[in-house]
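The residues making up each chain are set out below.
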Amino acid sequence: EAQVTQNPRYLITVTGKKLTVTCSQNMNHEYMSWYRQDPGLGLRQIYYSMNVEVTDKGDVPEGYKVSRKEKRNFPLILESPSPNQTSLYFCASSTMFLWGGELFFGEGSRLTVL
Amino acid sequence: DQQVKQNSPSLSVQEGRISILNCDYTNSMFDYFLWYKKYPAEGPTFLISISSIKDKNEDGRFTVFLNKSAKHLSLHIVPSQPGDSAVYFCAAIGRAGNMLTFGGGTRLMVKP
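Chain order of the listed sequences is R and D. So the first sequence is numbered by this note's numbering: it starts at 1 and just counts up by one. So the second sequence is numbered by this note's numbering: it starts at 1001 and just counts up by one.
Among the clues, some could well be false.
Reference listing, derived: stretches of chain R covered by chain D, where coverage requires no fewer than 3 residues with Cβ under 8 Å from a Cβ of chain D [stated by the list, open to error]: (1) 36–45; (2) 48–59.
Below 20 Å or equal to it, Euclidean Cα-Cα: the simulated SDA-like pairs (lysine to any residue) are [stated by the list, open to error]: (3) R/Lys-57 with D/Asp-1001; (4) R/Lys-57 with D/Gln-1003; (5) D/Lys-1037 with R/Leu-88; (6) D/Lys-1071 with D/Arg-1095.
Using C-beta positions, here's what the derived DEER-type ranges look like [said to hold, decoys possible]: (7) R/Lys-17 with D/Glu-1058: 46 to 52 Å; (8) D/Thr-1026 with R/Ile-12: 34 to 40 Å; (9) D/Ser-1074 with R/Glu-107: 27 to 33 Å; (10) D/Arg-1095 with R/Glu-30: 15 to 21 Å; (11) D/Pro-1112 with R/Val-54: 46 to 52 Å.
Hints were generated in silico from the structure; no laboratory data involved. Using N, Cα and C, we set each Cβ at its ideal position, and we do this for glycine too.
Sequences and hints are given; from them, build the entire structure.
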């Protein structure tokens, strides 16, 4: 089954404790991306990757890091989480460019930073 | 400043009637527009899209209209069904094709 898998789905952590949210897709997609969803703000792009070893900032990259060492994986790293990073996070993947191609989303990871 | 806006945070419609969800954008470089649907505890799923060279695209009960001069698009659902109750996001892609900008979402409730 074609899917985007994120882990963990739920996480409560404390300020400053490094964490990683993993994302994996099995569709051989070149494009992968991370979004955060906040009330009234919709989904805002954090980082995206056009292919292996190619990553770029989205609209809200501050406080986040990513890496794309393999085509299927695109982890999101919070080196020193802060309460304003409490949010619902989505990973997504697609073919090389987004025109005409849908973006496939994972089920989301709800992160709470105390 | 949000480049894609959905000014109605919620919409309530009776089953069988038409649902109209609206979206406005400010960036004239946007080239392609999409609607996504999101149920609670799930990721968004693609619903329908439209290229900037068209003004209408239809897929079953769903139709998207694009008015480029007004920088406005709308999603029509006819007839509305209770299973359509979800949050709907409009989104836009620029000519580089590498970034998707979302609106804030509209929660649609279809009452039986």
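Within 27 to 33 Å or not, the Cβ separation of D/Ser-1074 and R/Glu-107?
Since the Cβ atoms of D/Ser-1074 and R/Glu-107 sit about 29 Å apart, the hinted range of 27 to 33 Å holds.
Quick check on a hinted range of 34 to 40 Å for D/Thr-1026 and R/Ile-12, using CB atoms only.
holds (37 Å)
Within 8 Å of chain D (C-beta), three or more residues of the region 36–45 of chain R:
holds (count 6)
With a cut-off of 8 Å between beta carbons, are at least three residues of the region 48–59 of chain R near chain D?
holds (count 5)
Hint consistency between D/Lys-1037 and R/Leu-88 [alpha-carbon to alpha-carbon, up to 20 Å]:
holds (16 Å)
Distance restraint evaluation - D/Arg-1095, R/Glu-30, Cβ atoms, bounds 15 to 21 Å
For R/Glu-30 against D/Arg-1095, whose Cβ atoms are near 18 Å apart, the range 15 to 21 Å holds.
Would the pair R/Lys-57 and D/Asp-1001 pass a check requiring their Cα atoms to be no farther apart than 20 Å?
Given that 20 Å is the threshold and the Cα spacing comes to 17 Å, the pair holds.
Hint says 46 to 52 Å; check whether the CB-CB distance for R/Lys-17 and D/Glu-1058 agrees.
Holds, since R/Lys-17 and D/Glu-1058 (Cβ atoms, about 50 Å apart) stay within the stated range.
Status of the given 46 to 52 Å range, CB of R/Val-54 versus CB of D/Pro-1112
holds (49 Å)
Is the hinted pair R/Lys-57 and D/Gln-1003 satisfied, with a Cα-Cα distance of at most 20 Å?
holds (17 Å)
With the threshold set at 20 Å, check whether the alpha-carbon distance from D/Lys-1071 to D/Arg-1095 stays at or below it.
The given pair, whose Cα atoms are some 16 Å apart, holds under the 20 Å limit.
Violation of the numbered hints given earlier is absent; every hint is satisfied by the structure.
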